[in-house]
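**Q** In terms of the UniProt record's numbering, the sequence shown has 100 at position 100, counting the first letter as 1, and numbering is strictly consecutive.
Note that these hints are calculated values from the structure, not bench results. All values reported here derive from a predicted model rather than from experimental measurement.
The calculated lysine to aspartate or glutamate pairs, modelled on DMTMM-like cross-linking and capped at a C-alpha distance of 20 Å, are:
1) K74 x D44
2) K198 x E239
3) K198 x E153
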Amino acid sequence: MNIMEGPVCARTGKRLRRPDMVAQQIREQIVAVGLRPGEKIPADWLLPETVGVSRGTLREALKVLEFQGLISTKSGPGGGVFVASVEPGEAIRLLDNLFLFDPPSIADIYTLRKQLEPELAAAVAGNLTDGAFQALQGCIRLYEDEPKTAEEEYAQRLAELDFHEELTRHCANPILAFTCSFLLSLLRDMTVCRSIYKEPNPSLRETGLHYQVRLLRAIKAGDAELSRMIMRGHMIEAEKYMLERAAMRTRSEQ
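Throw the hints in and build the complete structure from the sequences for me.
**A** As structure tokens, then:
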């Protein structure tokens, strides 16, 4: 398993560093053998003479895998290098950083939300446990009452996003759930969105409640097509509002 000259990465066009190549090779071995999270990586995989690189290069490769969340190390009796699993929240935080200095537009995000969230709603229709349904109702209760302060109104706006986040937790399609959750994270982090959420707008809370109460009824009834239709209408209205507010802020700043 000797490491030759680094190939060019198809995604970046850059030549892979030797530690990255070793990390990739170890990752492929984990997959090929079928090691699962929590299982120990065989010690002979991690010997410099086995890999064909220096001890320093091997240490760097293990740091790469640890940074990626694919391994963890334990010291002492029973210690070693173990396979780890990447948590969705950790992956989303890394992806958020990808757009930190060049964020997508609100229109970019809603282009996807309009397509994906109706499918998310349809996917969970008729498939929620009593506990999951109660969790969704709990999100709604956080903004049922009129807010007394600007801080309460802002918290209610975030609770509306939490309702959509809760839906992702009960979706059987992991790619759909992860992508929708990532889009919600982008909305929470974008400066322009946070500013819009902080603007007082009592009618917006009523609109959100209207859609979500109807949606919960359709989901509980197991009506996937009605759930899809209600969510699509909700996303169209939400996009319209966010784009109008963003345009108003841009004009006021000029």
